[in-house]
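Modelling step: build the complete structure from the supplied sequences, incorporating the hints.
Protein chains: 2
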Amino acid sequence: MTELAFQDYYPDELSYCYGCGRLNDKGYQLKSRWDGDSDEAVATFTPRPEHIAIPGFVYGGLLASLIDCHGTGTASAAGYRAEGREMGTEPILRYVTAGLHVNYLRPTPLGVPLEVRGRVQEVKGRKVVVEAWIVAEGEVCVRGEVVAVKIPEEMVPRREEGGQ
Amino acid sequence: MTELAFQDYYPDELSYCYGCGRLNDKGYQLKSRWDGDSDEAVATFTPRPEHIAIPGFVYGGLLASLIDCHGTGTASAAGYRAEGREMGTEPILRYVTAGLHVNYLRPTPLGVPLEVRGRVQEVKGRKVVVEAWIVAEGEVCVRGEVVAVKIPEEMVPRREEGGQ
Numbered sequence: 001m002t003e004l005a006f007q008d009y010y011p012d013e014l015s016y017c018y019g020c021g022r023l024n025d026k027g028y029q030l031k032s033r034w035d036g037d038s039d040e041a042v043a044t045f046t047p048r049p050e051h052i053a054i055p056g057f058v059y060g061g062l063l064a065s066l067i068d069c070h071g072t073g074t075a076s077a078a079g080y081r082a083e084g085r086e087m088g089t090e091p092i093l094r095y096v097t098a099g100l101h102v103n104y105l106r107p108t109p110l111g112v113p114l115e116v117r118g119r120v121q122e123v124k125g126r127k128v129v130v131e132a133w134i135v136a137e138g139e140v141c142v143r144g145e146v147v148a149v150k151i152p153e154e155m156v157p158r159r160e161e162g163g164q
Numbered sequence: 001m002t003e004l005a006f007q008d009y010y011p012d013e014l015s016y017c018y019g020c021g022r023l024n025d026k027g028y029q030l031k032s033r034w035d036g037d038s039d040e041a042v043a044t045f046t047p048r049p050e051h052i053a054i055p056g057f058v059y060g061g062l063l064a065s066l067i068d069c070h071g072t073g074t075a076s077a078a079g080y081r082a083e084g085r086e087m088g089t090e091p092i093l094r095y096v097t098a099g100l101h102v103n104y105l106r107p108t109p110l111g112v113p114l115e116v117r118g119r120v121q122e123v124k125g126r127k128v129v130v131e132a133w134i135v136a137e138g139e140v141c142v143r144g145e146v147v148a149v150k151i152p153e154e155m156v157p158r159r160e161e162g163g164q
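Line by line, the protein sequences give chains A and B.
Counted from 1, the first sequence has number 41 at position 41 by the working numbering; the numbering is strictly sequential.
Counted from 1, the second sequence has number 54 at position 54 by the working numbering; the numbering is strictly sequential.
Please note that a few of the clues may not be correct.
Each pair may be met inside one copy or between any two copies, as identical chains are not told apart.
As the list claims (entries may be wrong) - Mimicking SDA-like on lysine to any residue, the simulated pairs with C-alpha atoms at most 25 Å apart in a straight line are:
id, residue 1, residue 2
1, Lys-124, Thr-44
2, Lys-31, Gly-138
3, Lys-124, His-101
4, Lys-31, Arg-48
5, Lys-26, Leu-4
6, Lys-150, Glu-139
7, Lys-31, Arg-81
8, Lys-26, Glu-86
9, Lys-124, Pro-152
10, Lys-127, Arg-106
11, Lys-150, Pro-107
12, Lys-127, Gly-56
13, Lys-31, Pro-107
Source of the hints: derived by calculation from the structure; they are not laboratory data.
Structure (structure tokens):
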């Protein structure tokens, strides 16, 4: 896949997130996209060796982070879809997490690529609810839900002179 | 505080967790302890500059991780208490997360120490439920719940010859 990810449309000043900001070079830089013409969004991520829980298995906090950023990215894409607008057009739609719920169904193996999938449950006012799950070696290991809300005005940094 | 933290009692082979393993030198090494004689457990953690969400605020995935590891650590301490045993005595009690639920009440400021607090809600069979919250500059920013279960036998690594 070479098309831009949802997170690539975030303006620079909102692209430093540790989980998915393209400008955070120490972060995970998660990239979410619609899976073809389906209503599911997908991202892949291979945890680093240090992202360990018990030897052989992935750290649950990292899995929660993947659900989180895949959820807010999918919320942004869903918000634009609901308004019939192309991603990245003004006014920008960027979401933050109000609620994150994760159930760990089975240990997630470390050392293999993980597929993070999501489906929009609800778009209502400032809120988008996204159901998400993580697949490793063909098995669903984690299921979660993200309640995302449009970023409050007071959280948006003032754009710098000369910035985008 | 100089007494050992809950996580310091984990045996070596279960001390590599990215969130709280004392042997994971790239991880957060969270340290949880009872707050004096109270029934609350407390840990402090100062996020690194890269642990950013929106500029000025802490990444939600990190906050979920703190809730997670503080919850499982507190579960371990509560499990020993319920059995009337000293922490670290055999058979060891180590918990993993079955469910993690986090509500972000307000943006958490980046650059200040965070206090992670927890209180045991239930100890029943293999399960311990811990309520947890995160305080920054005197305000509760995050509230969560961890459903922790005793680590399944198949997740425990075989101790190496010569190991503890």
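Now for the hints, and whether the structure bears them out:
1. Lys-124 <-> Thr-44: The answer is neither: 28 Å in one copy and 37 Å across copies each exceed 25 Å.
2. Lys-31 <-> Gly-138: within (20 Å within a copy, 35 Å between copies)
3. Lys-124 <-> His-101: So Lys-124 and His-101 pass the 25 Å test inside a copy (19 Å) and across (22 Å) alike.
4. Lys-31 <-> Arg-48: both (16 Å within a copy, 23 Å between copies)
5. Lys-26 <-> Leu-4: Answer is within; shortest intra-copy Cα gap is 20 Å, inter-copy 31 Å.
6. Lys-150 <-> Glu-139: between (32 Å within a copy, 22 Å between copies)
7. Lys-31 <-> Arg-81: within (18 Å within a copy, 44 Å between copies)
8. Lys-26 <-> Glu-86: Classified as neither: same-chain Cα gap 29 Å, cross-chain 40 Å, threshold 25 Å.
9. Lys-124 <-> Pro-152: Answer is within; shortest intra-copy Cα gap is 16 Å, inter-copy 40 Å.
10. Lys-127 <-> Arg-106: between (30 Å within a copy, 16 Å between copies)
11. Lys-150 <-> Pro-107: between (33 Å within a copy, 13 Å between copies)
12. Lys-127 <-> Gly-56: between (37 Å within a copy, 23 Å between copies)
13. Lys-31 <-> Pro-107: Intra 23 Å, inter 24 Å, cutoff 25 Å: intra and inter.
This entry does not satisfy hints 1 and 8, going by the numbered hints stated previously.
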